[in-house]
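Q: Listed below are the residues making up each chain.
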Amino acid sequence: MKQRYSILLLSLVLVIASCGKDNGNNTDPLEDATVYVLNEGNFSSANGSITSYSPESGSTTLQAFDKANGRPMAGYLQTSKVIGDRLYIVSNKANKIEIVDKNSLKSEGTIEFTYSPTAIEVVDETAYVGLYQYNQNSEDIRRIIAYDLANMKKTDQKTDVSSMVRDIEFAGGKLYATNNGGNTVTVLDPSDISIEKTINVGYAPNEMLLDNEDRIWIACNGSSYTDKPASLYVLDAQTATKIDSIVTGVEVGTTSYQKRMSLNVEKAEAYLINDGISVIDMNTYSIKEQAIDTESFYSIGYFPLQERIYTGKSKGTSQAGKGYVYDLKGTAVDSFNVGIIPHKFHFTSN
Amino acid sequence: MLKLCIRYSTAIICCVLFLTPITTYGQTVSDTLQLDEIEVKATRIYQPRNYQPTNVEVIDSVQLEMLKTLSVAEVLASQSSLMIKDYGPGGMATASQRGLSSEQIQVLWEGIPINSPMQGQADLSLLPASFFSNVQVSSGTPSTAFGGGSLSGALYLGSDWKQTNYVSTHQSIGSFGQWQSSVQGKYNADGVLVSVRGLYDYGDNDYEYFSRAYNRVEKRKHNRSKRYSVMSSVGQNRDSDQWKTTFWLSDSKNQIPGDILSTNPKARQNDKSLRWLSSYDKNWGDTELAFKNYLEKIKLNYFDPGNGTRSLSTTKRWMVSSTAIHSVGEHLLLKGEVSGELTSVETNNYKDIKNRQQFSVLTNPELTLDSQRLRIYPSLRVDMYSDFGTVLSPSLGANYELFADRLFLRGQLSRDFNAPSFNALYWGDAGDPNLKPERSNSAELGVSLSQTQFVGITSLDITGYYSKVDNGIRWYPNNSGQWAPSNVEQVTTKGIEAHLTNTFLYEGPWLLTIDQKGIMTSTEISEARFRGDQGVGNQVRLVPKWKYNASLTLQRGIATAVLKYRWISRRYLTETEAVSNSLDPYQVIDAHLQLKKTYQNFNLKVLAAAKNILGENYEIISWYPMPKRNYNFSITATYKF
Chain A
1 MKQRYSILLL
11 SLVLVIASCG
21 KDNGNNTDPL
31 EDATVYVLNE
41 GNFSSANGSI
51 TSYSPESGST
61 TLQAFDKANG
71 RPMAGYLQTS
81 KVIGDRLYIV
91 SNKANKIEIV
101 DKNSLKSEGT
111 IEFTYSPTAI
121 EVVDETAYVG
131 LYQYNQNSED
141 IRRIIAYDLA
151 NMKKTDQKTD
161 VSSMVRDIEF
171 AGGKLYATNN
181 GGNTVTVLDP
191 SDISIEKTIN
201 VGYAPNEMLL
211 DNEDRIWIAC
221 NGSSYTDKPA
231 SLYVLDAQTA
241 TKIDSIVTGV
251 EVGTTSYQKR
261 MSLNVEKAEA
271 YLINDGISVI
281 DMNTYSIKEQ
291 AIDTESFYSI
301 GYFPLQERIY
311 TGKSKGTSQA
321 GKGYVYDLKG
331 TAVDSFNVGI
341 IPHKFHFTSN
Chain B
1 MLKLCIRYST
11 AIICCVLFLT
21 PITTYGQTVS
31 DTLQLDEIEV
41 KATRIYQPRN
51 YQPTNVEVID
61 SVQLEMLKTL
71 SVAEVLASQS
81 SLMIKDYGPG
91 GMATASQRGL
101 SSEQIQVLWE
111 GIPINSPMQG
121 QADLSLLPAS
131 FFSNVQVSSG
141 TPSTAFGGGS
151 LSGALYLGSD
161 WKQTNYVSTH
171 QSIGSFGQWQ
181 SSVQGKYNAD
191 GVLVSVRGLY
201 DYGDNDYEYF
211 SRAYNRVEKR
221 KHNRSKRYSV
231 MSSVGQNRDS
241 DQWKTTFWLS
251 DSKNQIPGDI
261 LSTNPKARQN
271 DKSLRWLSSY
281 DKNWGDTELA
291 FKNYLEKIKL
301 NYFDPGNGTR
311 SLSTTKRWMV
321 SSTAIHSVGE
331 HLLLKGEVSG
341 ELTSVETNNY
351 KDIKNRQQFS
361 VLTNPELTLD
371 SQRLRIYPSL
381 RVDMYSDFGT
391 VLSPSLGANY
401 ELFADRLFLR
411 GQLSRDFNAP
421 SFNALYWGDA
431 GDPNLKPERS
441 NSAELGVSLS
451 QTQFVGITSL
461 DITGYYSKVD
471 NGIRWYPNNS
481 GQWAPSNVEQ
491 VTTKGIEAHL
501 TNTFLYEGPW
511 LLTIDQKGIM
521 TSTEISEARF
531 RGDQGVGNQV
541 RLVPKWKYNA
551 SLTLQRGIAT
561 AVLKYRWISR
571 RYLTETEAVS
581 NSLDPYQVID
591 AHLQLKKTYQ
601 NFNLKVLAAA
611 KNILGENYEI
621 ISWYPMPKRN
631 YNFSITATYK
641 F
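From first to last, the protein sequence lines are chains A and B. In this text, residue positions in the first sequence follow our numbering: the first is 1, and each later residue adds one. In this text, residue positions in the second sequence follow our numbering: the first is 1, and each later residue adds one.
Just so you know, these hints were derived from the structure itself, not from any lab. Be a bit skeptical, because a hint or two may be false.
One-sided and incomplete, this derived list gives chain B residues near chain A with beta-carbon spacing under 10 Å [unchecked claim]:
id : residue
1  : V217
2  : Y476
3  : S486
4  : Q490
5  : F530
6  : W546
7  : S622
8  : W623
Yeah, the Cβ is synthetic: ideal placement off N, Cα and C, and Gly gets one too.
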């Protein structure tokens, strides 16, 4: 009986202790979390920007790059990618890639190009960059080059592809590049960026997302102008083959630059901007439900730590957009100010 | 009550001070000092400036003489209330006023609109100031005066002849490889007049600037400009009639570097223009008849070998007009005009050659009532266009002389229009042939105080205006991501324009003139263009709310010194007035010093100018930085015979 009371007392002490004030060793993971929003900006004003948002406090810093570096971002931002501790920001107006520390946004270097960079992937110390330049009378420049980040200089490696590259992803030991002006994905050998294979997908393939099963998810925007349907393609990164696709129920995107999809691998769900937000079952490759109806979003991101869906709404090229936070049931729980045309979300936490 | 009394007393005392001739300490105002009365042509109302229904700014030949090495754009930036959108030396410069766009101001040469039919605007950087005898800015010129395009008024360039016979040569050199040579002359014998103006202008324009993108000093590259211009006139003045014909040729070759974020190393542009204006005026008793014939051919070719762009455009215009003025007693002046115009644009940017025919009828009588104190200017104009139908434009102006030769109250109501540009109608797949003309309803009210001997000799103009623009044409990305024009914008613009001039004549004699202009412009989107439009009620992008100009001119003997100051307030890059996303205010001071010496018939002028002497880093257009401190030196030799 005495032993039973002792155990009960011990348990009570443990419970009370566990409910005690945080001693600082177990911080709220959200405390150090930051959401970065890449805003395209207005092309002629070249006022693309980075917005920094704290999900814990709800505070927002507009022009976060400018404040960290004492100079404007200066560019029309195409895309960005977090790799390691760095955030790579691709700007096609200033024809440059800004390399910044992902926590402080302090610039660690700028790579300048003759042509407009449109996409980037970094493998070890090599950056693979998609370049583009329109040409009225002959072939456009549509190219992937390799850049030596260790020595910050160009290499001789380059490969011309069939269309403007919208995204480059390293998966299964290969580089995958979406050809946004057509309906293909080019598979390349990263050692010399030679083309190994071309895979047919839907029209205007946009960004790629890699899941934990080495599957590449590709949102293809389609085109209302040329009456080509939008679609979602899934590739096997190991074999560079198509696994499945969804066409029915996928609406054509606003523009071919739109960031349309995000993955929640824990729940095996993909969230697709689709006249609102559609939930895709990643196992059955089908549209499971419509989480949010008839809202016009431009960008989307899923923050696993918070289990929240972040969306960006654009209000054109002359007005700041808005960021919205939803729970997984599609209920709006927060909103915050962002820059002109919110394009992409990045989530960082220590 | 006491406060009210003090307020009214102060106001009355101020008015008395303004209107009473007095001599202030340390000055001797000359009774004989006369300011030249320039004939106002920018409004088509043939009355002195004080009797106009709207404010007219005049930059006369004396002021232009000091600024003769500059372009019209640079003169207007420092001397007028216009906002000049300048891309920097070697680049384009357009004018705008009252918060509206450069397509909505009409640029006139001798009464002929010279806005490009393709873009709807005029590049003032291509117009040398030395080719014009006076420049007039009339923010209230309605569409009844010269037709569509004047939603925010007109800019009038005059090329009158000097009275004397002369030949003149001019040479100037300046910073960043600027070089200008010109020859001018005029000869008059037995009423036959011949006049020639020729100019060669060159600039490397490789100036240093501070790049805010990278916090470092950089140098402008691929920015060379080269221009030849010739204007030649022949005419004859007789007792009852006169005729004049003028050729104006210009050939300009510019490298086009684009903005500083991605300098284009290969792009270039060629502008070639040939303008031929002929006029015949005949007096027939109380009736004056005037005929004009105008031919224009303009080539605008843009090449960018980097991306294979070859944009070739040729614009041809033929315009004829017949004006009649008949005096009916001392109270009524009947005026009217019939005109026609053919415009043709051939470019590889349109699907085929585009033409426009236009026929216009105007009646604009002038009435003088109430012992010649009240002047009323009703006007009605009908413009018939082949491509978008008929437009009716009425206007009603008035001027009341409250105190003889001193104080004038003026105002105007007008309904104006702006034809869609050819590019908006026909550009590639983006142009919309169904665009409607922009329309506006405008009202303005002003007061003019003329040459009052208060704080020197003072003239003061204050104007308040309100204008609402409907069917404003703007280019926005369409569903396919392509930029396309549409009649989407409803804009209201209102503001106050003030102009104060003080002239002092001291013993010596020293002549000091202080000229100040202050402008407040509030231009807003008045109706939502889409759901959640946050632009409504905010200042329109890139339109400064405030502008202040001042110039101080000091003359003594052979020397004239001019100090010019201008300050432009913040310009927002967004429609939500975000300070973090805007162009900073800027202030610029320019100094000019002229020495003039005459030996019998020979006159020598030496002019030195230091521009932006504060070395201000500033941008008028985003990512097109202007040069820091720079200099210009010129010599002009004139022989009069």
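Q: Could you run down the list of hints and mark each one as holding or not?
A: How the hints compare with the structure:
1. Violation of the interface hint for B/V217 is found here, the shortest Cβ-Cβ separation to chain A being roughly 13 Å, above the 10 Å cut-off.
2. Against a cut-off of 10 Å between C-beta atoms, the interface hint on B/Y476 holds, since the closest Cβ of chain A lies about 7 Å away.
3. Taken as an interface hint, B/S486 does not check out: its beta carbon lies about 13 Å from the nearest beta carbon of chain A, beyond 10 Å.
4. Annotation: interface hint on B/Q490 violated; nearest CB of chain A at approximately 15 Å, more than 10 Å.
5. A least Cβ separation of about 7 Å between B/F530 and chain A falls short of the 10 Å threshold, and the interface hint therefore holds.
6. With its C-beta approaching chain A no nearer than about 21 Å, B/W546 sits outside the 10 Å limit, and its interface hint is violated.
7. A distance limit of 10 Å between C-beta atoms decides the matter here; for B/S622 the minimum to chain A is near 5 Å, and the interface restraint holds.
8. Checking B/W623 against chain A: minimum C-beta separation of about 6 Å stays under 10 Å; hint holds.
Going down the numbered hints, you'll see the structure goes against 1, 3, 4, 6, while the others check out.
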